[in-house]
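Chemist: Below are the chains, spelled out letter by letter.
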Amino acid sequence: MPLLCLKDATIKFGGLTAVNKVCFDIEKGDLFGLIGPNGAGKTTCFNLITGVYEPTSGDIDFLGTRICGMAPNKIAEIGICRTFQNIRLFGTLSALENVMVGAYLRHKTSLLGGFMLTPAVIKETAELRKKAMELLSVVNLTDVANSRACDLSYGKQRRLEIARAMATDPKLILLDEPAAGMNPYEKDELRSVVFKIRDDYEKTVLLIEHDMKFVMGLCEKIVVLDHGEEIAYGDPSEIRNNPKVIEAYLGEPV
Amino acid sequence: MSLSKILGTRALSVVLAIAFCFGLDAFVTGQLNEYVVRLVMLAGLYVTLSVSLNLINGITGQFSIGHAAFYMVGAYSAGIVSNAIYKTQPLAAPAYMIISMLIGAVFAAIAGLIVGMPSLRLKGDYLAIVTLGFGEIIRIIVLNQNQWGGSYGYAIAPKYQAGWLIWLLAIICIATCRNLLKSAHGLAFLAVREDEIAAQAMGVNVTKTKVVAFIVGAAFAGAAGALFGHMESFVNPDLFKMEVSFLVLTMVVLGGSGSITGSVLAGATLFILPELPRIVSFKMSLGLLLSVLLGIGVLVWMNRKFLEKYHEPDKVKRTLVVAGANIGLVVLAIVVGKLLNNVPVFGTTNYDANKIRYMILAVVLLVIMLLKPTGLLGHHEFSWDWVKRVLNRNKTGEASA
Amino acid sequence: MDLVLHSVGGLSLDFSTLPQQLVNGLVVGAIYALIALGYTMVYGVLRLINFAHGEVFMLGAYTALLSSWVMGFTPDAISKAFKADQPLTSSPLNLVIMLLVAMAVCAIIGAIIEFFAYRPMRNQSRIAALITAIGVSLFLQYAGQLFLPANPPPSISQEVNPYQKVVSFVLSPAQMNAAGDVIKPQMDITVTVGKIVMLVTVVILMLALTYLVRYTKAGRAMRAASHDFDSASLMGINVNRVVTFTFMLGSALAGAGAMMLATFEGTAMHPFFGLQPGVKAFVAAVLGGIGNIPGAVLGGLLMGLAETLVTWIGFSQYKDAVAFVILILILLVRPGGLLGSNKVEKV
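One line per chain: the protein sequences are P, V and R, in this order. Quick note on this note's numbering: the first sequence kicks off at 1 and runs consecutively. Quick note on this note's numbering: the second sequence kicks off at 1 and runs consecutively. Quick note on this note's numbering: the third sequence kicks off at 1 and runs consecutively.
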């Protein structure tokens, strides 16, 4: 059984079909890329998977259960978490606290206990803090654990978003343009982080990226979208030589 | 931190809180001046109100400006139930207080649930207007209920001035909010304040968080209202007008939205504003008033411009210069006022302190917003670590000097 | 009589007075629409609820009062003239002067408020700006309580109003039975000429506003700023001037509304006089879709009608609560308002 399965997923905004009958399967352990020119519907696809939008028609299944129409927090609970293209960190909270919010999803104590600060809550909070510190070290942010998220540099904010998503302990992690605005050195660092997530933490990764070199060097399977339609699917070498993809990116051959 | 140490601190703080309440009670019963007693109790009530509003506004980021409605629901519901019991089965006074507090809290919590619902769909200033409107609707409904005395007012039996209970409530309210912020659960509330969409994507149940914030915040306000009702033993809808909501809002903003310490400090000081005419009954001339207003205006303007341009690394020197300039301006304003007093038109008209109390509130609000929109404390909290840091800094400062 | 008093759900409704009530609602609604325009324009440009707008309205009414006094229509002068058996007469010119003065003074007050209170808050959070607006509103109310004549609440002397003649339109004449008892009372609409003048003035002002916003350079700049404030400033539009202009325009309309309400309805004024119309006009703006100019007019008229209908049904004591009930319902059902569009936050 595939981990995530999109069957004819479609969403229309008024007259605009942003995503049209997109189908693909992601297997456990995949490093899956989603590419396409600007406005192809990649982020909308993410929004469909994470429950921000409900598809107009079609199905999205995760581990065999239909997740269309589920609230985003429920979807996070069953194991899909994401980062955002336009970074959405909790600005005035510290980097550590940001990651702790992600880890909070797996809390076991009750909210009432939180108001009374029972020993169990104190213990759990300490555990969450420990887990968050550990994840910060995965993305090399231990030194800024106590800085406010909004004071971090762009590259660090992107990595912090990944750590925060990782903290929810997802089975599938969606990265929306994780390398945008990073310099080559930061990109190398990011690449190793993504591999670490997949190999050491055994997560499945689905990522959107514009940097072709980055995607081709990282992903094992790639889906290409253009104007909401799926135009190609395959491994990097297939995608590189697919005439439709070349056309979508470079225009029709003269 | 080990478990025994946690429990030890907890026991110590409970003992301290109880001791404080008993001490307060001793102080209050020993007081001959009833008005001082009243002020002490009012301070406690407003601390509860501002800390509970801070939970909704500052911590969860839901902009509610109708807090007086919960206060009112608490006062009336507790009063009605208490009156009913009083008729059939007189109890000891403290028993009434406990029952009333619970009743007030429950009914206000229900009101909080109803007001919290729109917050699931609305944000920012829209939500603000709805909460304000809800407060007005409740007030107008009560105003038209003849069985509750309408605009004349509603008598609540028994009259009982439970200073110790009022402050116990305040302490419980503070402790509840502080506990929340110390636990991981608090982070969910802060996350909703910072970015709802991201919070939800991280699995935070935004709906539950917002509704809980409204319910808990409203319940504390309702409990405070119940105690207020018994303290006054007579309430009317005018006591819960929009101005009261604005006063509590000012406290939260002045203290620094999100800072419990700030809410406590502002609540314990600003509550005096509505009481001002009873404490000081002076008359002001037009000249003096104008010069004070002008002085405040110049003060705000100068501080803005000055602080932008003035970069002095030495903090002590900087503070001294700024404070000196401000004091100078105040003196100047008073001198101008005195001079204006000699001019016939400005000197003769008399203005009652009664009428300027809410103007002071408005000016305080404006000055904070213009000078420091994040409030006096921002998001900061009082902690012993902070005290230690400051003390250590001073020590090292002396050593290096 | 029983024939016209229909009992609906325990309420007695007198349908013979309905047309009159609708017209009354229209008149009140026109004033709400004028005030609502100010809210909607400011919100359109700055995304700020100008809480102090109701206070500008209040100051407009007082300005009209003071200017009528300056023109010689003080209570003293009127009673003196009355005793001397030479009642003062007024000409339409007096009203025009009062209208223009009220509009001009309100425009200046609006610009001052914007400059001193809202401009420094431009880069702060919207919540901070809203709190500032509440502060300005409180300040003006209580400053008004100190400095303005309020006890007893003054009103503009009706001697200044030359349009007091009452006209009556009979819709259906009274019906009597053979014994001469009225079985169906006359159904008519009675209004003063003043109210007709007022409605006409409101229409003229709205047409002028439409022209200003649609076809002038300033109007185009305003629309650009309301579409995207930052881009507008990058495109070389002096946004500060646009904001000042918007505030002046909105405040002037509020001033006109206040002057007409105080003159033709003869309403007594006090420093908190702006609160209720202000809140209702705000609701009207939200009802129509805040930021949307035709929406504000529609919302204002609907608010006026809703209010008089509630009075007509027999719930006059809940008149002031109606606004909020409508507001909460509209925000929950269609947050963008009747003519507005719902904006969804982009993720």
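Worth flagging that the hints you see were computed from the coordinates, not collected in a lab. These numbers come from a predicted model, not from an experiment. Built from N, CA and C at the ideal position, the CB exists for glycine as well. Be aware that one or more of the hints could be misleading.
Claimed, not checked - Each pair of labels, with its calculated beta carbon distance range: (1) 74(P) with 114(V): 22 to 30 Å; (2) 267(R) with 86(V): 41 to 49 Å; (3) 294(R) with 36(V): 44 to 52 Å; (4) 294(R) with 324(V): 54 to 62 Å; (5) 383(V) with 130(P): 15 to 23 Å; (6) 234(R) with 74(P): 38 to 46 Å; (7) 28(P) with 238(R): 42 to 50 Å; (8) 25(P) with 392(V): 38 to 46 Å; (9) 324(V) with 238(R): 55 to 63 Å.
Stated by the list, open to error - In silico contact screen, one side only, chain V against chain R (beta carbon under 7 Å); selected entries: (10) 124; (11) 126; (12) 137; (13) 181; (14) 359; (15) 362; (16) 366; (17) 369; (18) 383; (19) 385; (20) 386.
Chemist: Against this structure, judge whether each hint is valid.
Modeler: A quick look at each hint next to the structure:
With their beta carbons about 25 Å apart, residue 74(P) and residue 114(V) fall inside the hinted range of 22 to 30 Å. At about 45 Å, the CB distance of residue 267(R) to residue 86(V) agrees with the hint of 41 to 49 Å. A hinted range of 44 to 52 Å is violated for the C-beta pair residue 294(R) and residue 36(V), which are about 59 Å apart. Roughly 56 Å separates the CB atoms of residue 294(R) and residue 324(V), a value that falls within the hinted 54 to 62 Å.
In this structure, residue 383(V) and residue 130(P) meet the distance hint of 15 to 23 Å, their C-beta atoms being roughly 21 Å apart. For the pair residue 234(R) and residue 74(P), the supplied restraint of 38 to 46 Å holds, since their beta-carbon distance comes to about 42 Å. A C-beta distance of roughly 59 Å is found between residue 28(P) and residue 238(R), which places it outside the suggested range of 42 to 50 Å. Restraint check, residue 25(P) to residue 392(V): a C-beta distance of roughly 60 Å breaks the suggested window 38 to 46 Å.
Separated by about 39 Å at the C-beta atoms, residue 324(V) and residue 238(R) break the suggested range of 55 to 63 Å. Interface restraint check for residue 124(V): the shortest CB-CB distance to chain R comes to about 6 Å, inside 7 Å, so the restraint holds. Annotation: interface hint on residue 126(V) holds; nearest CB of chain R at approximately 6 Å, less than 7 Å. For residue 137(V), the shortest C-beta to C-beta distance to chain R is roughly 5 Å, which falls under 7 Å, so the interface hint holds.
Interface restraint check for residue 181(V): the shortest CB-CB distance to chain R comes to about 20 Å, outside 7 Å, so the restraint is violated. Nearest Cβ of chain R to the Cβ of residue 359(V): about 4 Å, under the 7 Å cut. The hint holds. Hint on residue 362(V) holds. Least Cβ distance to chain R is approximately 4 Å, under the 7 Å limit. For residue 366(V), the suggested interface contact is upheld, since its CB lies about 4 Å from the closest CB of chain R, less than 7 Å.
Among the interface hints, the one on residue 369(V) holds; its C-beta lies about 4 Å from the nearest C-beta in chain R, closer than the 7 Å criterion. Below 7 Å, beta-carbon pairs count as interface contacts, and residue 383(V) has none with chain R, the closest being about 26 Å; its hint is therefore violated. Because the beta carbon of residue 385(V) sits about 29 Å from the nearest beta carbon in chain R, more than 7 Å, this interface hint is broken. The closest approach between the C-beta of residue 386(V) and any C-beta of chain R is roughly 25 Å, which is over the 7 Å cut-off, so the hint fails.
Taken one by one, the earlier hints fail for this structure at numbers 3, 7, 8, 9, 13, 18, 19, 20, listed in ascending order.
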